[in-house]
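If you read the protein sequences in the order shown, they are chains A and B.
Note that our numbering gives residue 244 to position 203 of the first sequence, counting from 1, and the numbers run on in steps of one.
Note that our numbering gives residue 547 to position 225 of the second sequence, counting from 1, and the numbers run on in steps of one.
It should be emphasised that the hints constitute simulated quantities derived from the structure, not laboratory data.
The structure presented is a predicted model; accordingly, all values stated were derived computationally and were not measured.
Be aware that one or more of the hints could be misleading.
[As the list claims (entries may be wrong)] A short, non-exhaustive set of chain A residues, derived as facing chain B with CB atoms under 7 Å:
1. Ala296
2. Val362
3. Val381
4. Leu391
5. Leu412
6. Leu420
7. Met424
8. Trp432
9. Leu500
10. Gly502
11. Ile518
Every residue gets a Cβ at the ideal spot worked out from N, C-alpha and C, and that includes glycine.
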Amino acid sequence: MATQTPTTAVLDQTRTRPLWLETVHDWVTTVDHKKIGLMYIGYALIFLIVAGFEALLMRIQLSIPNNTFVSPQTFNRLFTMHGTTMVFFVGMPILFGFGNYLIPLMIGARDMAFPRLNAFSFWISAFGGLLLYFSYLGGDGLYGMGSAPDVGWFAYAPLTARVFSPGHSTDYWTLSLLLTGIGTIGTALNIVATTICMRCPGMKLNRMPLLVWLYLVTSLMAFVAIGPLTAAQIMLMLDRYAGAHFFDTQAGGSAVLWMHFFWIFGHPEVYILVLPAFAFANEIIPVFSRKAIFGYPAMVAATVGIGFISLSVWAHHMFTVGMGSWANTFFTFATMIIAVPTGIKIFNWLATLWGGKIHFTVSMMFAAGFLFQFLIAGLTGIMLSVAPFDWQLGSSYFVVAHFHYVLVGAILFMLFSAFYYWYPKMTGRMLSEKIGKWHFWLFLIGFHLTFDLMHIPGLLGMPRRIYTYEADRGWAILNMLVSSGGFIQAIASLLFVWNLVHSYFKGAIAGPDPWDAWTLEWSTTSPPPPYNFAVIPTVGSRRPLWDLKHPEDPDSNYEM
Amino acid sequence: MASQMHFAFVDGPTNIFRPAGTSAHSIFGLSMLVLGITLCIFLVVAGLLLYVLLRYRHRASSPEAEQEPAQIYGSTQIELSWTVIPVLIVVILFLATARVILSSEQTRRPAGALDVIVIGHQFWWEYRYPKLGIVTANELHIPVSEPSHPTPTSLTMSSADTDHSFWVPRLAGKMDLIPNKVNVMDLDPQTAGLYLGQCAQYCGTQHAKMLLRVYVDTPADFAAWIARQRQPALEDPAAAEGRAVFQHNACISCHTVAGTVAAGRFGPDLTHVASRDTIASGAVINTPANIRAFVDNPAHFKPGALMPPMHLNEHDLDAVTAYLTTLK
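Take the sequences, apply the hints, and build the full model.
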């Protein structure tokens, strides 16, 4: 790959030192999509550390049977807070952060369509997270023991009814999700408007980078998914404080109704989280295999297909509820069929790699890990889609292992890949490849030790959400190994944080285009100026920088 | 470590791959098909991925290292093939699955099936045998079902408070117990013995110690068990003092001892509590010392259990323990 010499302009920019308070004021009042994007990412990383710490406490408790490291009440709060935090205050903000940062740059725009809505969405989501954690001070859990919600991130009725959950811990959960839901809708609206209206001249929809396409589909899905969740939260508030009986079974309400509301949000949510990971892969895998993405139209079609099908699979979370044979059969089919567009994606990535010259940078190593792990996650997903198999596997540690394979093995790996790939653009400096390799291999070992083995206690009958277990079940040694893998991942994550900080000051200067890439964000300086592009670019193909670098053989000759 | 793993897989009391009942067997058969198909897919795709990553890695020593590889933008035929083949696999899997779903949920049960009503409570199980007039808790007794002479048990399940789930992996998949909803599930065990499990739906603080014990009895053992459970509570004159303490305290507002003033339904029926192997929903074995500790303060074994500490003096504790241990 070509190497660039540092531009002095970049250095000069970083040298100007405003007063500390000016910097804070600048960030708090900013409406710049890049700064908002970075705040989303920073905010999510802080909560990643918090929720990761919660996971470690749970793993210490579960490492031996009949352990008394934490009380049952504390443990139940830990898994509630870990799940809620990871989904709403790590996954969503970090993915929106990258989207915010990258989408305007990739479509040749100077900002999002609604910059002030963008800032509003960030701050309301951020305060939602703080409100959730304020519950540790202000809430009052089951049995009046105080503090954070302990009803699970899924908060099944009627455990959330006031008779079973007195105090205000559940209210903090409800309100924080309501707030962050508003922020999510705002940002989704912004992304849709930006991609529809703000593309630079020549960027037709079928020339849009796949990342932008996938964020568009994700955002449209967020519209559909967040609504039922918000509605359910409002109904729950009415139940708890206005004498309504939607979910209050003691007064004739329906526990199953809550499950439907929750999962009609919850399952599309999984795809809302995973599509951005696919989006990163669609940009990173081609650049490091030095080939155009294979089957661009099929990739777009598969994404839209996943978007639609994912809206009809929610009740596969409810195979053991007693919905009846026909409902179980329908949701089995809908869930299985989603494997087809997902398979198309995996095969198209494979074909992109085929015949390429694959550069194993740390970013690409994480992407390769993503491919294997997402394959396995998909296959265990097929097992769980088989309703009778799910009667055994559902609500067991097999499910926990399966969705952590998706969330960590696929999404987090692809996020690490994205950090190594776009950090140079965001900061102007390269992340250390040496620390990065340590980070990758340690995290890979820790991940597989934890989540490969975690499937097995599920097969041996270990249910989820238990604070301890009996010694005679044969789960002990596996749980000890699973826990030790968790600590290896924690050490690897610390290396990553160290890399982020160290490279910010000491990293090699990146220059505008360190990876010899092809999309528009690499045509401006690193980091980009507040206005992104001095002159709004005009594009003639999906890979404008390829056309620029290969005028003899531009992409526009081959695209439909 | 190896011996522990060996134990878990070969003798694992809750291993889903050691089926001992009709329902668990049919799930086991289907799951082997699913595992086979997914393993084949894994080997093919992971093999291809590994091949591509190794074969096409960038080699700095190669003479064409600086040249970009040939750009290929797609191929309708190839993409069609990896759309159609997965569709076919999905159809096969779906048909096999639909067969098991429809057969297992729509079987007609024989006239002689035993009916048991299962009611989930925070954090224990109530079992009622309506045709036999038996009420018990936490330890379910059912007859073994010989293939030549099937005597399945039909569980009619609901909940008194939050959601629970009945999961005894070796006998059947799980089924949720949901308030205001009645679910039905059949157990058809072919081998006598004790089968373990536990609540599989988060139901509150002590979800973890809401354990399940299903005793599959031979016909003779089952008949003997029924005969004993149908008798009224034993009135041992030696335990008269303990009975008086029991009946003059709050015990009777929550517990039933058939034939006495104790008729509460909030906690487990204690009429024959001494005939059980465990107390506190399987949390500890049934010994006088454990009963005494549990009555003194249930949080000793089950923090978060809804029974309050009874605050009895030492003398009364001993007396109540003596009384409870006579309730054979």
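We went through each hint and held it up to the structure:
| no. | hint | result |
| --- | --- | --- |
| 1 | Ala296 | holds, 5 Å |
| 2 | Val362 | holds, 5 Å |
| 3 | Val381 | holds, 5 Å |
| 4 | Leu391 | holds, 6 Å |
| 5 | Leu412 | holds, 6 Å |
| 6 | Leu420 | holds, 4 Å |
| 7 | Met424 | holds, 5 Å |
| 8 | Trp432 | holds, 2 Å |
| 9 | Leu500 | holds, 6 Å |
| 10 | Gly502 | holds, 3 Å |
| 11 | Ile518 | holds, 5 Å |
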